[in-house]
Amino acid sequence: MKTARNPAARKRSENIAFGIIKALSYSTIAILALIIGFILYRGLRSTSETRSTMLPFCEKEPDGLAIIVNSRASASSMDWQTLNGIFSDEYINWAKIDARPDDLLPAIPATIKAQAALLALGGQNNEWGGLTSVLAGEDDAIRYTADKAGAVAIVSAAAARRAISGGAAIKTVGLRRLGIAANSQVLELVGSGAIRDLSDADIRRLLSGTVHNWKEFDGPDLPVSVLSAPRASALENALAASGYAGQVTQSAVPQSSLAQDTASRGVSSVPRTGTDVQALPASTAGQNSPTAAYLGRINSTPGACGPVFAEDLAGFGAEQTDAGASGDSLPAFLMRSATVRSWNLSLSYLVEPPQLSGRTGGISTIILNTVFMIALTLIIAAPIGIAAAVYLVEYAKQGRLLRALRLGTETLAGIPSIIFGLFGMLFFVGTCHFGFGLLSGCLTLSLMILPTIIRTSEEALKSVPDPLREASLALGATKLTTIRRVVLPAAAPGIATGLILAVGRAVGETAALIFTMGSDYKMAKGLFSSARVLSTHIYLLFAEGISFDKAFSTAAVLLVMVLLFNLLARRLVRHMSRNSGGNN
Amino acid sequence: MTEAVSTALPAAGLPAEGPAVKPKIEVSGLNLWYGETQALKNINIEVESNSITALIGPSGCGKSTFLRTLDRMNDLIPGVRTEGRVLYDGMDVFKDIDVIELRKRVGMVFQKPNPFPMSIYDNVAYGPRVHGIRDKKELDRIVEQSLRSAALFDEIKDRLSRPALGLSGGQQQRLCIARVLAVEPDVLLMDEPTSALDPISTAKIESLLAGLKNIYTIIIVTHNMQQAGRVSDRTGFFLHGELVEYGSTKDIFFRPQDPRTENYISGRFG
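So the sequences go chain by chain: L and W.
Its first residue numbered 703, the first sequence is counted upward by one per residue in my numbering.
Its first residue numbered 463, the second sequence is counted upward by one per residue in my numbering.
The hints are simulated quantities; they were obtained by calculation from the structure and are not laboratory data.
Source: prediction; values computed, not measured.
The reader is advised that the hints may include incorrect statements.
Stated by the list, open to error - One side only, chain W facing chain L, incomplete, derived with CB under 8 Å: (1) ASP533; (2) LEU538; (3) GLY541; (4) ARG565; (5) PHE572; (6) PHE578; (7) TYR588; (8) HIS593; (9) ARG596; (10) SER611; (11) VAL642; (12) VAL645.
Don't be surprised by glycine CBs; every beta carbon is placed ideally from N, CA and C.
Okay, chain L solo, but in the shape it has when bound (with noise of 0.2 Å):
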């Protein structure tokens, strides 16, 4: 052997160990701070891209008109698409729209029946929608708005305007018509990709004329060709407000068909009630509009684009169909993206209860529900463990049985819950008969905690020591009244940590309860409802595809909640050990 190394290296090599052990140590802290930071980050801001066609210009009152819903609905504005879909029934109800599970009853007063249509369709010959009701006038509309919940209308902004202000129970939505149209070619694949999703940054160098080719934004090889709006139309004045608009240089279209563009769009020259809207022209958007010659020069200029809007290009699109050209060569609005930061989690997502599978609303009975779970397991599962713990270390004598027994709670502490789920399916909710339901999730999830309980519980008991079992047992007292006065209350912290331990594992656990707990998201009502939990929201969010936001932000709650039931129950034994019963 050799001898001993001089003090210095030995010192050294102390130091390195040392400095290992502590770089190990904090990297761990790191670590977890980092994850829960992370998921907290997740859960309480929220970063998404919105892809649209549409720029993000909202019109309150486009073309003179107005589109109106129950004040009860959140949305303050829509895509073109949007309303499109609403009057066209794409949608049937208003969950993809603002979140509530309104069925959705778009109506439309007759008297401006072809306005209407030319703003929601794009074309007044278009067919609206089965599920929309045509009403005799704008004061129906209205009426009809502020009654049904799932209402939207469209009416002239005047008439709007005057409702509000007399106090109906409904509310504008603004409407996002304007986008960047591009001639197909500029649409079309280059090699296995497409034109990328343009920034607002892209947009705006794309309007004032410096990007030169597509080939810029990933398009094919093809000049860029900025065309301006008609001057002094709806749309110039739109693209002017939405402050996307930079230089542009060319004019594609008269100014002598101006004044009849203009005309044609305002509402506000039409007689508001008991005028027959019919009678106005067949179609403002046909060939001799200037609104369809510029469009007819993004059709046919290969490189082409300007701003449209929506129904203008849906109205050109529909008839050139008609006339036999086929979808793809038409023009066809630029995806524009943004990256949107807001917050993602509110106070009104703790106090509402969840809809529409957790799609919109809080998570107010999922918390619930966890408490519930919570507290029935433990009543549950504590007071089995803890006895089973103070019989293998009070009564039980030391032996083969002892043996098999702790081997057997070890094997079980290590079982994968999905087994504890398939087995709770199988017997509880089965063989029981208890369905699927609370109960049955919380029987499944207490045999599944036992096993920490009762290890947990086994030390404390053992850590308490003799001499005080001895000295009770001195003073006349029998062997239960000790355990029950005397080791019971000292092992107490012990105890209660081990359960705090197990109800961390029960509250994050979610295989064994997806197959027994059920997951209706409403408040559990009895043993036997099924209920959902933080953890099988959090999974079904995922797995379902519904949120990633809510469940990240699930995830935070669930963290806090944890974090706050470790922290109190820390308090408490604290406050145990303290006092050790000393409060008489």
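Given the coordinates of chain L, work out where chain W should sit on it, guided by the hints.
Structure of chain W alone, referenced to chain L:
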């Protein structure tokens, strides 16, 4: 060596000495085995009421085992087998008296202070509560009296509701004595009660013993021969599980009959 006591005059002849004549504890032919190992060999001893008996001897000589036989604490140890008779007030502790009742009457103070992790009050009130006393006033009285008897009350009267584990070692041990006194035993068994304490605490407990003697019969196991000499009336010397010699403390210390006792007393071993 025990003839002096056992052949004492009948009670009728000496009324004043009456209670003292009948031994409080009478052990005859006691053998005890831990599994195969014999720990006590044919122990015969009689202990008078209101006396302090010290049991001395080297470590592992069986004196603690003997003490624990008297209130049947050895029952707790698996594999212990006992033979012989242990009479408490004439009742066989293994047959005639319930173990709970026995332990209530024969209290025990352990080597290390072992207060319960409760408040001081609850520690003292534990025994009475276990034995069914619920009345708050009665409990208060018992607690105060017991703490006074253990010479602890004045030191801690303001913090009865504080955790007992916050007391000093000596105070804890006196608390343990008070806890035993609260169940109103008439025999106190003390298993090296001062071995874990400093000299000042030891002195306090020793002076406490002198006062307690008037009410209780005390048997104290000690390693400290000076202590045995100071506090006890009678002394028994244990060696290798045998009671080698038992007699008045003066005799044992100054006129030991057995050479082994003399060797031990004079410090040749042990």
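Here's how the hints hold up against the structure:
For the restraint placing ASP533 (chain W) at the interface with chain L, the shortest Cβ-Cβ distance is roughly 6 Å, inside the 8 Å limit, so the hint holds. A least Cβ separation of about 7 Å between LEU538 (chain W) and chain L falls short of the 8 Å threshold, and the interface hint therefore holds. Interface restraint check for GLY541 (chain W): the shortest CB-CB distance to chain L comes to about 11 Å, outside 8 Å, so the restraint is violated. Hint status for ARG565 (chain W): holds, given a least beta-carbon distance of 4 Å to chain L, under 8 Å.
Of the supplied interface hints, the one on PHE572 (chain W) holds, with its beta-carbon coming within about 6 Å of a beta-carbon of chain L, less than 8 Å. Taking 8 Å as the C-beta cut-off, the interface hint given for PHE578 (chain W) holds, the closest approach to chain L being about 6 Å. For TYR588 (chain W), the interface hint holds, the least distance from its beta-carbon to any beta-carbon of chain L being 7 Å, beneath 8 Å. Evaluation of the HIS593 (chain W) hint against chain L yields a held restraint, the C-beta minimum of about 6 Å falling below 8 Å.
Hint on ARG596 (chain W) is violated. Least Cβ distance to chain L is approximately 13 Å, over the 8 Å limit. Hint status for SER611 (chain W) relative to chain L: violated, with the closest Cβ pair at about 16 Å, above 8 Å. Among the interface hints, the one on VAL642 (chain W) holds; its C-beta lies about 7 Å from the nearest C-beta in chain L, closer than the 8 Å criterion. Hint on VAL645 (chain W) holds. Least Cβ distance to chain L is approximately 6 Å, under the 8 Å limit.
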